[in-house]
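Asks: This is what each chain is made of:
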Amino acid sequence: MGDIRQSLLPRDVLSAAKELLYHLDIYICNMVQSGRQPPQVDSKTLDLIEEFILHTPKDRNAPVRRMSALQELQLLEIMCSCFQEQSRDTVRQLMFSALFNLQGNQADESRMALLSKLVSMAVAVGRVPILECAATWLQRTHRVYCVRLAQVLVDDYCSMVPGSGPTLHNIHSASPRFCCQFITAVTTLYDLTSDELTPPMELLQMIVSWIQDDPRLVLITFLNSPLSGSQPISSLDVTPLGGLIRWCIKAPLAYRRDKKQTNNGSSDGEPDAARLFSALHLSVLQVFMLLPNILNEKGLFGRLALLQMESVAALASDLSRLLDQADKHTHAATSDTHAASQLALDRLAQALQVAMASGALLCSREDLRAICSRLPHNNLLQLVLSGPVMYYNNIHTPPLTYSPHAAHSPIPTLPPHAPHTPLAAHPAPHAQYPAQPFMTGMPFPFRPGH
Amino acid sequence: MSAQKDCEFLVKRARELVSDDPCAAKAWLITARTLYPTDFNIQYEMYIIERNAERTASAGRLLYDMFINFPDQPIVWREISVITAALRSDSQDKHAQFLRALFETLPGRVQCEMLLKATEQCFNTLEKAEMLLLLLKRFPESVVQHGVNLGETLLEAEVSENVESPVNCFRKLFVCDVLPLVINNMDMRLPASLMQKYILKAAEFYIGYVTRGPSSDAQLQASQDGATLKSPGVSRGSQRFVIDGLSEKSSVVAEPWERLLDIVTVVGARCEWQGDKGQRSYIDMLQRVKELCRYLPGLEGETRLRYCSQVVICAALVLFRSAFLYVSAVQPSLFQGVGAMTSGPWILVEDLSSVYSDVEGDRATLKHAHKKRKLADGREKTMSSDDEEGLGKGRGRHILVNKTEMPNWSETLESFRTARESWDLLHSHDGLEAEFKKICAAWKTESWLWFRIFLSDMIIHQGHYRKAVSSLHQMASVQQPQPAQQSPTGQASLEHHRALIQQASCHYALGEYRMACEKLLDVVSGLVPPNQELTKAPEDLSRIKSKTRKGNDLRLLPCTRGAVLPFCLQLMLACFKLRAFTDSRDDLSLGHVVVLLQHDWPQGEMLFLKAVDKICQQGSFQYENFFNYVTNIDMLEEFAYLRTPEGGRIQLELLPNQGMLIKNPSPALGVELNTLLLQGVQTMDRHHTVTRGITKGVKEDFRLAMERQVSRCGENLLSVLHRFCINEKIIIIQSLP
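As you go down the protein sequences, you meet chains A and B in turn. First residue of the first sequence? That's 1214 in this note's numbering, and the numbers climb one at a time after it. First residue of the second sequence? That's 98 in this note's numbering, and the numbers climb one at a time after it.
No lab work stands behind these hints, which were simulated from the structure alone. Hints may contain errors.
[As the list claims (entries may be wrong)] Okay, the calculated bits of chain B under chain A, using three or more residues with CB under 8 Å as the criterion:
#1 130 to 137
#2 218 to 225
[To be verified] In silico negatives: residues of chain A with every beta carbon more than 10 Å from chain B:
#3 D1238
#4 V1254
#5 V1338
#6 T1349
#7 V1357
#8 Q1418
#9 I1446
#10 D1485
#11 A1527
#12 D1559
#13 Q1563
#14 P1601
Built from N, CA and C at the ideal position, the CB exists for glycine as well.
Taking the hints into account, I'd like the entire structure generated from these sequences.
Replies: Here it is in structure tokens:
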């Protein structure tokens, strides 16, 4: 395909790009038809893309070809219809990869710029095939770049043009896969460490309403992924669960800080945020409760950790640091500070317990105790860390039975495993967190004294 | 340090949070449940949150879990009983609707189990039955197992709970809800005897329901008198009716006769009754059994019994329905819900529209009665009841009615005719009569006042007046207990006098004029003196009737003041007419006739002239009440003329109390008061009588009396005649044999 370069050179930028896209389409079609394995675009073609579509100078001598804004817009439109009209998923996907897979060279910057504009446009005009391709891209690309794409969308739809939120809101119905990846990306992006890294209210509302409408949305990528679980290193998590937990746990402290800073301004947003995070937290727990059935169906219960122990540990230490800071900043711990800290710890305890019970977090209570050792006192956390009292002498203890329509219930029944047993039943592959049933006889001095 | 304490702590935290932040509360409970999956309180708390927020799907889901996992928890059962109570109730409030919707979210199998278990835990028969009924309605396959048992339980409950009326909550449930399920379930084999028992239970209920009197309203008032005192009119006027133990809404039975017909149709089909499968109407039903009846004598054994019971059941239902329709037109105030719209009560009496006609005709029609009466005088004991031939001409008799006053006259008369036909059919064979009597005995029909009214009218129509009199006598004694309540309009007392008027009419028909007058004078004395306005309508009526009159017909007389007094006057006239115009002289009777002929003047002109002829023939006439009660100007003129030479110088003794009339012309006082006040004067002035017709003073008295009477012409004639009836009651009665 390299031989077409001579015919492209004399053309103007737009028609050259157009011509190249046309040839690329034919080239990939042929490649798929011939069944060459692996179906990979050769480097010459990639060079052509960088030269004529991304306009990266081939060498110092070559003149810098630039597109006007209008030409760029026209190119985006051409690309949009190109993807829209391509009926074969494989071809479309290969073309998208050829254009936008990062190559680790200087062209990547313009690649990212063009991709961001294309995806933003696809969101605006509802181009489902492009969103689907972008969802795959978000699964395979390094999280840093994923976050950048997400950032552009948030800027475009939540910050730049007021009232354009609803357009973005529609992506959950247009492409749930893209929506799921987008949530994962934004929860990775906004880690609540600073004001800039606090999600805009509009985005938060959007995410809460998405998950409330359909809790399974956050599991879409996971449900559609092959069992191999061969995630590229440093890509986004397979679900946004970890990021969402982090939001909910850190929110009471982060938003309190917000409030202090905008003391004279309107504090109307604050109770709203509290309510939204509370709802989000509940939704996340409910999503966890969907997991046992799904994991069992896939035969993965106790074998696949949707929540990584490392990220939980990081979260715990993050929280510990935040709580220390909060104490230092306020000197005397006010009741507000105390309540916020306790809320954060309550949510941590709940998330850990439910995640563990639902098979999303594979570890022993002992592991948890190690991770949480530096955290201040919280009754629920201590109860979770020590685990349930095993001699449960309630006379009403029939064996639990399960109904077939558990999946439709917001509060589903438990899996046919007691929360603390799955690790024993399924030996965990993670060597560093061996499956250890909770030792019943072990006394814990920190059990809540309620 | 115990699991119990952990659970309590978790639930407590959730409770603290639920009002402020329900999401947080739920997050706590989800966590709690993963810690202690077998703890009931945690799951119950989850359920309560969803239930209080009225989220049907999630609450239903949690209830299901609790029902499966904690089947022995009393709290679960309390909850289920609240829900089943909502299912049974007809309340439209939001919470009840939510509970019903919640139940609907459960899988059918669980609904079935829940209802069955809830039924088992229920100790109140009615509630238990209602619960089981929910089950039967939802799961028709359960009818086979529980249907008949439920029905029998309800029928037993009536007995064990000593319920008197067939219109009770158990029977209502049985008839309206259980029975249709049972008889329409083709998977069940039901013996014919059982179905016949059920159909009679149903019929008794529906008839009792339709013919329920306003008395239950009064009971309701009595039971909550405090409330009704404040607004006396409200509950009396309204059509409220509540069966004890049921709600107001479920006490309503729509189209009872139609429902009964439905049951008859289904049972008929299942019992393989003869004739058309679908019973289209009660009339069709009667026609069919009438045809069946013709085959009865030729049948034997089992077949005959089956035919018999079909005929008796069908004919009895037609009888009671038609009789009800008739009585509800004739005596609407007996029934709740019928009264307000239709016109007032009607009385079946002898038609007297021919009373002003010549005596000869009457003499002819009543000759038989007259002769019979003479016979009866000799051996009254043995003739105390009528013989079979009757006095009237049986079924051929017409019933006259003012069609404008009774708009539904044709339906009413048709109902009467149909009822009589059914009755006759039921008494056409001994076997049928015996079966019918069993039904009557079981239902205690002899205590049904409304049916007694129909029977009395039917007996009158048959011409069995002697029987009718005793039937009416019984009825009057049943009705008697409330003479205290005399309404200002006199309407209530009029209704009471209904039986008396009919008795008078019967005695008249029997030729027992004295008894007739006694009864009707009792009625008149209970009447409030009428206003002039009331007299118009009946006059028109009788004119219409005089054209269509034929033989001794019957007529439905409106039971109103405006109609009753004129009828009484006519009946008295009829009683005296024959006597007055016999060959022997009876001035008193003739005088009464003259007084009574004033009513409806000039209808009685012909008879009056006949009376004048008779006086002329006699040459003299003595009637001392003349000036008290005769105010008709035509009559006064005629009598004044009789005294003149041209008139034949008839000697008229009309002034026993002439002294009073002349010396104390005090028109302010009523005549009867003058009479009373001037008793002494009357005796002092006896000499006038001694020298009657000779002295000039007497002539002067007569002239003055005449002049005075002329001035009284404008007086309310009905008041005058009413006074006549009251003041002269004893004389009137004594003047009849």
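Asks: For each hint, tell me whether it holds in the structure or not.
Replies: Evaluated hints:
1. 130 to 137: holds (count 8)
2. 218 to 225: Violated, because only 0 residues of the segment 218 to 225 of chain B bring their Cβ atoms closer than 8 Å to Cβ atoms of chain A.
3. D1238: D1238(A) clear of chain B: closest Cβ-Cβ about 49 Å, beyond 10 Å.
4. V1254: 49 Å, holds
5. V1338: Fine: 36 Å to the nearest Cβ keeps V1338(A) off the interface.
6. T1349: Correct as stated: the minimum Cβ-Cβ distance to chain B is 33 Å, above 10 Å.
7. V1357: Since the minimum Cβ distance to chain B is about 33 Å, V1357(A) lies beyond 10 Å and the statement holds.
8. Q1418: 15 Å, holds
9. I1446: 32 Å, holds
10. D1485: 13 Å, holds
11. A1527: The claim holds: A1527(A) sits with its nearest Cβ about 22 Å from chain B, beyond 10 Å.
12. D1559: 8 Å, violated
13. Q1563: At about 4 Å from chain B, Q1563(A) fails to clear the 10 Å cut-off, so the statement is violated.
14. P1601: 5 Å, violated
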